[in-house]
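Using the hints, put the two chains back together into the complex; each one sits in its own frame.
Residue numbers (this note's numbering), protein chains in the order written: chain R, 1 to 196; chain A, 1 to 159.
Keep in mind that the hints were calculated from the coordinates and are not lab data.
Honestly, I wouldn't trust all of these hints.
[Said to hold, decoys possible] Cross-link-like lysine to aspartate or glutamate pairs, in silico, DMTMM-like; alpha carbons within 25 Å at most:
1) LYS86(A) <-> GLU143(R)
2) LYS153(R) <-> ASP75(A)
3) LYS123(A) <-> ASP140(A)
[Stated by the list, open to error] Estimated spans, in silico, between C-beta atoms of each pair:
4) LYS128(R) <-> ARG151(A): 34 to 44 Å
5) ARG151(A) <-> GLU103(R): 35 to 45 Å
6) LYS153(R) <-> SER88(A): 16 to 26 Å
Quick reminder that beta carbons are idealized off the backbone N, C-alpha and C, glycines included.
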Amino acid sequence: MSASRTAACLLLAAAMSVGACHKGPAAEALPVLPFGGDFSLLGHDHARFDLASLRGTVVLVFFGYSSCPDACPTTLSKLATVSRRLGDDRARVKTLYVSVDPERDTPDVLKADLENFDLDALGLTGTKAEIDKVVSQFGAAYEITPTPESAAKYTVAHTTWLYALDANGRTRIRFPYAATVDEIVTSIRAILAEVG
Amino acid sequence: MIGNLSSRRTLFFTSVAFAVLLVGGQPTVLGQTDTLTVHDAWLRPPTGNRTEAGVFAVVENSSATARAIVGVSTDAADKAELHEMKMSGAMMRMSPVKQVKVPAHGKVELKPGSYHVMLFGLKKTPMVGDSVSFTLTFDDGSTVSAVASVRQDGDMKKK
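For reference, chain A alone in the conformation it holds in the complex (with noise of 0.2 Å):
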């Protein structure tokens, strides 16, 4: 029964626990349940013709339990998949997982150069100040909503 009221929980959080907070002027919508939060969600316009774009967001988790993504949905896209993208000397590797774990009373960054959402067979293509929604399943069967917006990543990040 505790999954029943986590999912009654997590569909009232998600259905009303959208928030859009400024943060040095740009707004950034907020996903969250009473434990996970996912803020910061960006993602790169696809360049040329491609169809599939990376998406990075920050996952939080407040309570004393660690969790891992295990999904990602998103209607934006024929597939979204979890990957990791990791540096093995100076080769660039990437392929997907199967989970990212999120510890407790920790965060995971989804980020270039790491741990990222991909989406593949995108049905528009995403312009800068447009946003896409994605919905992250969580191992306890929960799922948070958020809302990534688009920008150009002009440089580098720093790890």
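Pulled out of the complex, with its shape left as it was, chain R reads as follows (with noise of 0.2 Å):
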């Protein structure tokens, strides 16, 4: 077994808590987790998105908000990576950046700050229920807190997993903050592998 496929292994075993790698990381090797569902955001362009309109394809998830200063930048920079990496193949996998900010964090505000990342994404935003029905649905989380103190006004912390969804909008698998790009690639090509 390769260095990767043990590390793809080891993360998919973390990950999910299943003791399928003996098979390797095969489609039927990756179990269907309980959360996530489709949904409907505004998104960076302005329309309407359905997660329905994706079907074919392998969908990146996770929750940020543009004026995040590290854990947001870090996880697109990797996107961005992990996007160059799958080479061909990456023009079969979006990236969802759902904004836990909706008071800032409006459709041009997302737009501009996707532009800075060679990455196939889509920022989406929406109404705070909206949202919370879409954070709820992934077992997500965020918070907002006020710090008058602070030329911030208020600070936002909110769970940092990566969701994988498959060409059928089922979530796949979900990857911790410490995921490596090649633990990501390696994910990725398992699920795209599905779908051949």
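As structure tokens, then:
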């Protein structure tokens, strides 16, 4: 078993608490995780977006906000590297960046934020109720805390998981923040292998 | 009078003790007093229309007395603050902090996912290759100025 494959197995076992790595990271080794599901939000192109429109595409989902100084640009940067590493397969993968700070993150703000990353990503925002529903679907969380002593005015704490959805919109992997580029690339290829 | 002496010494050192080092081919600007050194300072270019940026650096304290960073200033932004980013479970939290301790004969790393300097209201968008000057103030009143180079953070930093 190659080092990368071993790493993928370790990751998958840790992320999904299953012991199916003797089969390798093949499609049937990935369980369907009990969170996620279709949703509808406003895209950074000002168009209504429905997850169902991405059937046939592997989708990466994560929650963040554009004023996030650390975790979100780190994740976007990492995903840009993942995308480059996927080569021709990058056309079969779409990233969704769901804002948990709709007060500041208008579609235009999200668009400007994403333009800095070489990544096929769509920024998503909406009403607080709409966003809360998606956050809940994915078992994610966020907290907004006023910080009057800071120029930031308020801070946004949020979960940093990255979700990988298969071509049927089902959540198959939830990566921890520490997941490496290699681990994510290997796992995406395993999901892509499902649809050949 | 110790304070005055310290201030004069600080002024002396911060005036003359900038050195440009070459580490791995990358220029690193060093700022120091006789016991405090700030090196490897850098910041990410802000993305989109952001006017905020995190600044990271290594702060070393060669004295037998623990020190703390209690303030930060820069001409490059409207405001500079000390912040902490930390994970609690899978939740990433950021919050302003009043001070960052620098242990005696030790160091603190201002780095992604940990303590860092936040600049708010950048007057000019720093681009890769630019540099930004900033000054840290310590709990004994001393100050150390340093220069952060702007660089892209290509992948996640390991702690």
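Given hint ASP75(A) paired with LYS153(R) - CA-CA distance at most 25 Å: holds (21 Å)
Consistency of beta-carbon spacing, GLU103(R) to ARG151(A), with hint 35 to 45 Å: Violated: the Cβ-Cβ distance is about 31 Å, outside 35 to 45 Å.
Pairwise beta carbon distance, LYS153(R) to SER88(A), judged against the given window 16 to 26 Å: For SER88(A) against LYS153(R), whose Cβ atoms are near 22 Å apart, the range 16 to 26 Å holds.
Straight-line alpha-carbon gap LYS123(A) to ASP140(A), limit 25 Å: violated (30 Å)
Distance restraint hint 34 to 44 Å, applied to the beta-carbon atoms of LYS128(R) and ARG151(A): holds (36 Å)
25 Å Cα cutoff - pair LYS86(A), GLU143(R): holds (14 Å)
Violated hints, in rising order: 3, 5; the structure is consistent with all others.
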